[in-house]
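Protein chains: 2
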Amino acid sequence: MKVCFYGNTGHATTALAARNKLPGVQYTACCPSYPGENLNKLHTTAKKLGITLLQYSCLDEMLDAEKPDILVVDNRFAERYPVETKALLAGIHVYADKPIATNLSDLFDLYKTVRETGKHLWAMHTTRYELHFYTVRQLILNGAIGKVRMVNCQKSYRLGTRPDFFKKRETYGGTILWVSIHAIDMIRMVTGKECLSVYSTQSSADNFGNGEMEIIATSTLELEDNILATISTDYYRPANAHSHDDDRLRVVGTEGIIEAARRDGEHEVRLINASNNGFTPIKQLQPPMIFEDFVHTIEGRISGIFSMRETFLNAYTAIRAQESADKREVIRISHPVNFSFD
Amino acid sequence: MKVCFYGNTGHATTALAARNKLPGVQYTACCPSYPGENLNKLHTTAKKLGITLLQYSCLDEMLDAEKPDILVVDNRFAERYPVETKALLAGIHVYADKPIATNLSDLFDLYKTVRETGKHLWAMHTTRYELHFYTVRQLILNGAIGKVRMVNCQKSYRLGTRPDFFKKRETYGGTILWVSIHAIDMIRMVTGKECLSVYSTQSSADNFGNGEMEIIATSTLELEDNILATISTDYYRPANAHSHDDDRLRVVGTEGIIEAARRDGEHEVRLINASNNGFTPIKQLQPPMIFEDFVHTIEGRISGIFSMRETFLNAYTAIRAQESADKREVIRISHPVNFSFD
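Just so you know, the protein sequences line up as chains A and B, in that order.
The first sequence begins at 1 in the UniProt record's numbering and counts up one residue at a time.
The second sequence begins at 1 in the UniProt record's numbering and counts up one residue at a time.
Possibly wrong hints are sitting among the right ones.
What the hints assert, rightly or not - Covered stretches of chain B (in silico footprint by chain A; criterion: 3 or more residues with CB under 8 Å from a CB of chain A, positions within the stretch not fixed):
id, region
1, 144-151
2, 217-224
3, 252-258
Said to hold, decoys possible - Among the chain B residues that face chain A by a calculated CB cut under 10 Å, a handful are:
id, residue
4, Q138
5, Q154
6, I227
7, R237
8, D264
9, G265
10, F279
Just so you know, these hints were derived from the structure itself, not from any lab.
Idealized CB from N, CA, C, for every residue including glycine.
Okay, chain A solo, but in the shape it has when bound (with noise of 0.2 Å):
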């Protein structure tokens, strides 16, 4: 399978990561997504794979001149619909970074693409493939804490100097879409529910000039057979702080609590049940990587951990969370959306 790059604002690189794990795979070429989009980040990451990327300046040449089956999407985050549209109807499959989408009608429309052309879309849902967090979701499917009741999750980021395109609602999308959205994921992947109602606030006050970009938000939800999920999202690590993220989950059973969090470095799981203390660190689980497990789904081998039914899902929850946050009102879900790819 051939595989092309349409810029590179987020985690494009994942898909590179996994090249020893996908003999199969060639990384050939890619292009800017926007006037003057530095690219050397991803030429550089690839020289040390021994890759070379042929760069071309436009979405359309690439495509005509290197057919790719894979297109990784990691352009402005507002902007994926109708470059992920034109590549599925192009017959190529698409590893898009998150959102998928922005609104609800470019994310219906998406889907119905994805119906009519028979492609493969996955949001870059990285945090599934994160040691940590892959353990947590490991142990509570084998039972460790019960029945699931309660989840809070944490994303705090360094600030650091962000992309121009982060000051605009238009390019950027919002902190919620971008940021919240991996904790949804993580509500979603250790539930296994759907949201029915959802709260957000969010503030872009005291955001060190980045325009209309929210620095903190929150959500609550209310999943599925009761259960509670509280998301606090920050870009205000500081600077000096040993990592770039401070991500967190904390998962609340009937017959225990588990949670991932830095401590004092890298992430540790932690579980208190009747037979773990919770002193003890509990041994990782090493999960396939997310494009790994992406080009193994494409090929019918599928390990189950993503797919494109929770990519739409999160994409979903996430649009109707910020929509909460931007109308300062609950959002009710009624009947959760059914994504099927039967």
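Starting from the structure of chain A, add chain B where the hints point.
This is chain B only, laid out in the frame that chain A set:
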């Protein structure tokens, strides 16, 4: 000053705990606050301090005979208002467990009574007087994290076996009023700001036979100055956890993040800012004891840590937070109530 006790369903013994700090205080008597209430724990705690409490069978009899200066009101959580009012009107200061009232009508009437009688009424917001949370407050007041932008609070308790009155809202009052109110106090403490809107969720499912008692609850607050806050409350802390509670406070500021949480045992305070790396716990400061501070306040020796105004504002905010969960809607507070005690 003479102190008497009405019931012991909660934190009455915090009044006894300050005994050595208060040589001028005499603890003389107690009486049950509902038929069959067992006061053994109160008597045992008193005896360990060399105090014998005379036990009366009814409140009126105790007040007539003892004429206390302070009544410790620690009865069933939803039944405080008439007792507090009776004591205040009898010229007695009141040290009551939270909540001091469970509806706005009682709360405003209580405010009127306090204003008219000039007596002092404090709720037992013990968290302000815990070393770790007090240390967080002092560091923030000293500018350690710049401007506060977001607060995350967790209240997590072991369920154990709860008295029967927890099973009914009528006597219990509700989990937001009994537990989340501590977090409301923490949020108000570290921001110095009032709540402009609140949204809460709660669930009584899977509560191990505890009737109407909500076993999980969340609240999201928007405060003055675009500050956001979240509260997560649960009674699911596993029985074999090393402590009853796992309470946490995380405060995100423009120049740093500070947290108080249990990591491997007792609460630590960690700070990341320009001069702290978050790896070395911060030395904790020693606050006065809450009842000591209450007595000193009555005597005119005001520390400023807590007050009657805070007592009423916490109750007001908690009642609105519970109203949100009960009505399943966002509660907006266009003008924060000014509980004034000049």
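- Item | Proximity test - 8 Å, beta-carbon atoms, the region 144-151 of chain B to chain A, at least three hits | holds (count 3)
- Closer than 10 Å between Cβ atoms is the bar; does B:Q138 clear it against chain A? Give me holds or violated. Violated, about 20 Å.
- Message: Given a cut of 10 Å on the nearest C-beta pair, is the interface hint for B:I227 held or broken against chain A?
- Response: This interface hint holds because 8 Å falls under the 10 Å limit.
- Interface hint outcome for B:D264 [beta carbon to chain A under 10 Å]: For B:D264, the interface hint holds, since the closest Cβ of chain A sits about 6 Å away, which is under 10 Å.
- Message: Quick check on B:F279 please, does its C-beta sit within 10 Å of some C-beta on chain A?
- Response: holds (6 Å)
- Task: With chain A as the partner, please determine if B:Q154 meets the hint condition of a C-beta pair closer than 10 Å.
- Result: holds (7 Å)
- Item | chain A contact restraint on B:R237 - CB to CB distance below 10 Å | holds (7 Å)
- Task: Establish whether the coverage given for the region 252-258 of chain B by chain A is satisfied; the threshold is a Cβ-Cβ distance below 8 Å, and no fewer than three residues must meet it.
- Result: holds (count 6)
- Query: Under a C-beta cut-off of less than 8 Å, do 3 or more residues of the region 217-224 of chain B approach chain A closely enough to confirm the stated coverage?
  - Reply: holds (count 4)
- Query: Going by Cβ atoms only, is B:G265 closer than 10 Å to chain A?
  - Reply: holds (8 Å)
Checked against the numbered hints above, the structure breaks only hint 4 and satisfies the rest.
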